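Visitor: Spelled out, the chains give:
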Amino acid sequence: MSTPEELQLGPLAAHDGEPTFDEPWHAQVLALAFALAKVEVFTPAEWSDALGAELRRATAEGEPDDQNTYYAAALTALEGLIAADGRVTSEGLSARAEQWRRAYLNTPHGQPVELSAGS
Amino acid sequence: MTKHDSDTIADIHEELHSHLPSEPALRVKALESLLVEKGMVDSAAVDAWIEVYTEDIGPKRGAEVVARAWTDPDFKARLLENGSEAIQEFGLKQNHLEVVENTPEIHNIVVCTLCSCYPVSVLGVPPTWYKMAAYRSRAVRDPRGVLSEFGVELTDDTEVRVWDSTAELRYLVVPQRPAGTEGWDEAKLAKLVSRNSMIGTERDLSSRIAEVD
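Chains as they are written, first to last, in my numbering: chain Z, 70 to 188; chain G, 29 to 241.
Keep in mind the hints are simulated off the structure, nothing from the lab. Please read these numbers as outputs of a predicted model, since none were measured by experiment. Beta carbons: idealized from backbone N, C-alpha and C, even for Gly. Among the hints, a few may not be true.
No more than 27 Å apart at the CA atoms, straight line, and that leaves these computed lysine-lysine pairs for BS3-like [to be verified]:
no. : chain 1 : residue 1 : chain 2 : residue 2
1   : G       : Lys216    : G       : Lys66
2   : G       : Lys88     : G       : Lys219
3   : G       : Lys121    : G       : Lys88
4   : G       : Lys88     : G       : Lys216
5   : Z       : Lys107    : G       : Lys219
6   : G       : Lys121    : Z       : Lys107
7   : G       : Lys219    : G       : Lys66
8   : G       : Lys104    : G       : Lys88
9   : Z       : Lys107    : G       : Lys88
Some but not every residue of chain Z turned toward chain G, in silico, with C-beta under 10 Å [unchecked claim]:
no. : residue
10  : Gly79
11  : Leu99
12  : Glu115
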């Protein structure tokens with residue numbers, strides 16, 4: 070139960086205790102970024118710059134100041150860094166996302182979704 | 029076909045196929061599957077990372093480091109001198125870690141104004157508010173106001189030091205050990221140390237004593 074003091078906490082503190090990730094893909098984005106920085110596909114500084122630029126853009130465009138905006142910025146930053154590396158292209162990514170979408174649509178409910186179902 | 033019928037058909041279709049993930053979730057899935065195929069990431073390592081960091085074990089590691097700093101002056105000296113090196117004694121690896129200590133005269137608070145740089149290996153994944161634009165801008169412009177929102181009221185003669193993290197420099201705050209914890213061992217002390225106190229948005233840990241004791 071909250072004490073009277075806690076109830077008076079301001080807007081930022083009101084977010085304290087919220088889950089770190091609202092959706093599984095939030096965790097996956099950060100996990101991929103850490104994994105790729107570890108194998109030096111990009112440096113931590115490049116990641117921080119790319120994420121910072123996306124967050125500034127989101128703020129400038131009036132996106133809500135919330136987790137979804139943060140993780141969407143992280144995903145865009147990650148896609149940009151990966152495209153810059155060149156081994157995975159943005160065309161390849163779009164095609165693969167579309168293939169996964171078809172795989173989900175083609176797989177009966179309750180069965181494991183395999184990428185081949187979207188070919 | 030009536031509107032009702034087309035809705036019903038859509039519902040049935042929804043029932044028949046697997047739940048379609050959201051657009052960003054599909055993009056992440058595409059990324060991961062391509063990166064794995066190219067041998068750029070190991071899916072087991074990605075899953076392991078998620079398992080570790082969603083279980084929120086992060087702050088517990090930081091709390092253990094702080095508890096040792098409270099009980100072992102030599103360790104504290106090593107920690108303040110070179111944080112990255114000292115935490116290796118716990119088997120932890122965090123490059124460029126700078127440890128700052130609260131005193132009766134000084135309060136430290138950490139932010140990353142650019143994005144969300146954070147000592148992940150000692151504190152886990154940063155909390156929601158740490159990543160918000162409101163915190164990233166206001167912690168520097170109005171640290172006392174932000175602290176007040178978190179229930180930290182400082183006297184005018186307490187100096188506030190704001191540390192802006194970067195990819196090359198991460199910070200950990202050692203909060204003050206509260207009075208009334210004399211004779212406590214490291215494990216018990218570690219339970220007192222909150223995540224926010226190691227970021228600097230909590231100062232007085234004495235209110236947690238009753239909870240832990």
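Visitor: In ascending order, which of the hints set out earlier in this document are inconsistent with the structure?
Guide: 1, 5, 7
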